[in-house]
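Position one of the sequence shown corresponds to residue 24 (my numbering), numbered consecutively onward.
Fair warning: there could be bad hints in the mix.
Derived lysine to any residue pairs resembling SDA-like cross-links, with alpha carbons at most 20 Å apart [what the hints assert, rightly or not]:
#1 Lys-65 / Ile-49
#2 Lys-190 / Met-148
#3 Lys-70 / Ile-54
#4 Lys-133 / Ile-54
#5 Lys-133 / Gly-176
#6 Lys-190 / Pro-209
#7 Lys-65 / Asp-136
#8 Lys-70 / Leu-177
#9 Lys-133 / Glu-93
#10 Lys-190 / Asn-180
#11 Lys-70 / Asp-81
#12 Lys-190 / Ser-120
#13 Lys-70 / Ile-80
#14 Lys-227 / Pro-209
#15 Lys-65 / Asp-77
#16 Lys-76 / Tyr-132
#17 Lys-65 / Lys-133
#18 Lys-76 / Ser-120
#19 Lys-133 / Ile-192
#20 Lys-65 / Glu-107
#21 Lys-227 / Tyr-201
#22 Lys-190 / Ala-212
#23 Lys-190 / Glu-232
#24 Lys-190 / Glu-214
#25 Lys-190 / Pro-210
#26 Lys-133 / Ser-72
#27 Lys-190 / Glu-217
#28 Lys-190 / Ala-216
#29 Lys-70 / Ser-46
#30 Lys-133 / Leu-152
#31 Lys-133 / Thr-78
#32 Lys-70 / Thr-118
#33 Lys-227 / Met-211
#34 Lys-76 / Phe-47
#35 Lys-76 / His-51
#36 Lys-133 / Gln-146
#37 Lys-65 / Leu-87
Think of the hints as simulated: they come from the structure by calculation, not from any bench.
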Amino acid sequence: MASASQPSNPVVEPQLNVSVPQSFVIVHAGISSNRVPFTISKELITKHSLFFKDTIIDRGARCLTLDDVESSTFGHFVHWLHTEEIGFENSGGHTLSLIQKAKLLIFAYKYTDRIFISQMHEQIMDHNLPEDKLCCRPLAEFQNWAYDKNNFGLMANVIIQSLVIRKTIAHINRENMYSIIENMPPPMAAEYAEHLTREMLDRKHFEAEEE
24 MASASQPSNP
34 VVEPQLNVSV
44 PQSFVIVHAG
54 ISSNRVPFTI
64 SKELITKHSL
74 FFKDTIIDRG
84 ARCLTLDDVE
94 SSTFGHFVHW
104 LHTEEIGFEN
114 SGGHTLSLIQ
124 KAKLLIFAYK
134 YTDRIFISQM
144 HEQIMDHNLP
154 EDKLCCRPLA
164 EFQNWAYDKN
174 NFGLMANVII
184 QSLVIRKTIA
194 HINRENMYSI
204 IENMPPPMAA
214 EYAEHLTREM
224 LDRKHFEAEE
234 E
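Using the sequences plus the hints, can you model the full thing?
Structure follows, in structure tokens:
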């Protein structure tokens, strides 16, 4: 089991063969001075990650540092390792925000396999948002975070921003569309228009072939 401040006291069922002795590795995760040590079974952390398998098993590392991921994000990943379910933000049962899930997705693309990546995609697209006539605040926060000069890396930027656009399209309706469009970050507005235009052109091309 990992020891960390987040997520708080998760209730988990270890996905380990506890009948045999376990070997562990210590991962210091966090940015600058906010690093937290996690003690994790080698069997678990290498199960879904070629990076950790190469570093820990093949190179024999017993302790490593990840300085490009927040300790809370890594804590949620450790929770998933033990349960293969996306955990809670805290013991009060509040689910992770869209931004927290997106941070997990960025981590997943860097360090894990397709099982975790696929599950994170589904979690973000299935994330329930309030149905109201005003601009949905969680969605607006997600949009602004994704387009606020973040440097996730070229591939991660494309993935996250594409996901934000898809999530916006899934949530928008006749009642909230004007508010959402007016409050959209300017860099996103251009990409949103391009995405809709491409969809329209693809549809016209498909309809022309059907005639």
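A quick look at each hint next to the structure:
This hinted pair checks out: Lys-65 and Ile-49 have alpha carbons roughly 9 Å apart, not beyond 20 Å. Proposed proximity of Lys-190 and Met-148 is supported: the alpha carbons are some 6 Å apart, at most 20 Å. Restraint check for Lys-70 and Ile-54: the C-alpha separation of about 25 Å exceeds 20 Å, so the hint is violated. Between Lys-133 and Ile-54 the CA atoms are separated by roughly 16 Å; this keeps the pair inside 20 Å, and the hint holds.
This hinted pair checks out: Lys-133 and Gly-176 have alpha carbons roughly 10 Å apart, not beyond 20 Å. For a cut-off of 20 Å, the pair hint linking Lys-190 to Pro-209 stands: about 17 Å separates their Cα positions. This hinted pair checks out: Lys-65 and Asp-136 have alpha carbons roughly 16 Å apart, not beyond 20 Å. Of the pairs offered as hints, the one joining Lys-70 and Leu-177 is violated, with about 27 Å between alpha carbons and a cut-off of 20 Å exceeded.
Taking the CA atoms of Lys-133 and Glu-93, the gap is near 14 Å; set against the 20 Å cutoff, the hint holds. The straight-line distance between the Cα atoms of Lys-190 and Asn-180 is roughly 15 Å, inside the 20 Å bound, and the hint therefore holds. Distance hint between Lys-70 and Asp-81 is fulfilled; the C-alpha atoms sit about 13 Å from each other, no more than 20 Å. For the given pair, Lys-190 sits about 13 Å from Ser-120 by alpha-carbon distance, which is consistent with the 20 Å threshold.
A distance of roughly 11 Å separates the Cα atoms of Lys-70 and Ile-80; the hinted pair therefore holds under the 20 Å criterion. Proposed proximity of Lys-227 and Pro-209 is contradicted: the alpha carbons are some 27 Å apart, above 20 Å. Our distance criterion of 20 Å between C-alpha atoms is met by Lys-65 and Asp-77, whose separation comes to about 12 Å. With a CA separation close to 15 Å, the supplied pair Lys-76 and Tyr-132 stays within the 20 Å bound.
The straight-line distance between the Cα atoms of Lys-65 and Lys-133 is roughly 18 Å, inside the 20 Å bound, and the hint therefore holds. Straight-line distance between C-alpha atoms of Lys-76 and Ser-120 comes to about 30 Å, which puts the hinted pair past the 20 Å bound. With a CA separation close to 27 Å, the supplied pair Lys-133 and Ile-192 exceeds the 20 Å bound. Between Lys-65 and Glu-107, the direct Cα distance comes to roughly 16 Å. Compliance with the 20 Å bound is thereby established for this hinted pair.
Among the hinted pairs, Lys-227 with Tyr-201 is inconsistent with the structure: their alpha-carbon atoms are about 25 Å apart, more than 20 Å. A hinted pair counts as satisfied when its Cα atoms are at most 20 Å apart, and Lys-190 with Ala-212 qualifies at roughly 14 Å. Only pairs whose Cα atoms come within 20 Å are accepted, and Lys-190 paired with Glu-232 is rejected, the gap being roughly 29 Å. Simply put, Lys-190 and Glu-214 have alpha-carbon atoms about 13 Å apart, close enough for the 20 Å limit, and the pair holds.
This hinted pair checks out: Lys-190 and Pro-210 have alpha carbons roughly 16 Å apart, not beyond 20 Å. For a cut-off of 20 Å, the pair hint linking Lys-133 to Ser-72 stands: about 9 Å separates their Cα positions. The straight-line distance between the Cα atoms of Lys-190 and Glu-217 is roughly 15 Å, inside the 20 Å bound, and the hint therefore holds. Restraint check for Lys-190 and Ala-216: satisfied, since their Cα atoms lie roughly 14 Å apart, inside the 20 Å limit.
Restraint check for Lys-70 and Ser-46: the C-alpha separation of about 14 Å stays at or below 20 Å, so the hint holds. Restraint check for Lys-133 and Leu-152: not satisfied, since their Cα atoms lie roughly 27 Å apart, outside the 20 Å limit. This hinted pair checks out: Lys-133 and Thr-78 have alpha carbons roughly 14 Å apart, not beyond 20 Å. Taken as a hint, the Lys-70 and Thr-118 pair is broken in the structure, with Cα atoms around 25 Å apart against an allowance of 20 Å.
Our distance criterion of 20 Å between C-alpha atoms is broken by Lys-227 and Met-211, whose separation comes to about 24 Å. About 13 Å separates the Cα atoms of Lys-76 and Phe-47, which keeps this hinted pair within 20 Å; it holds. Taking the CA atoms of Lys-76 and His-51, the gap is near 17 Å; set against the 20 Å cutoff, the hint holds. As the CA atoms of Lys-133 and Gln-146 are separated by approximately 18 Å, the hinted pair is consistent with the 20 Å bound.
Restraint check for Lys-65 and Leu-87: satisfied, since their Cα atoms lie roughly 12 Å apart, inside the 20 Å limit.
Of the numbered hints listed earlier, those contradicted by the structure are 3, 8, 14, 18, 19, 21, 23, 30, 32, 33.
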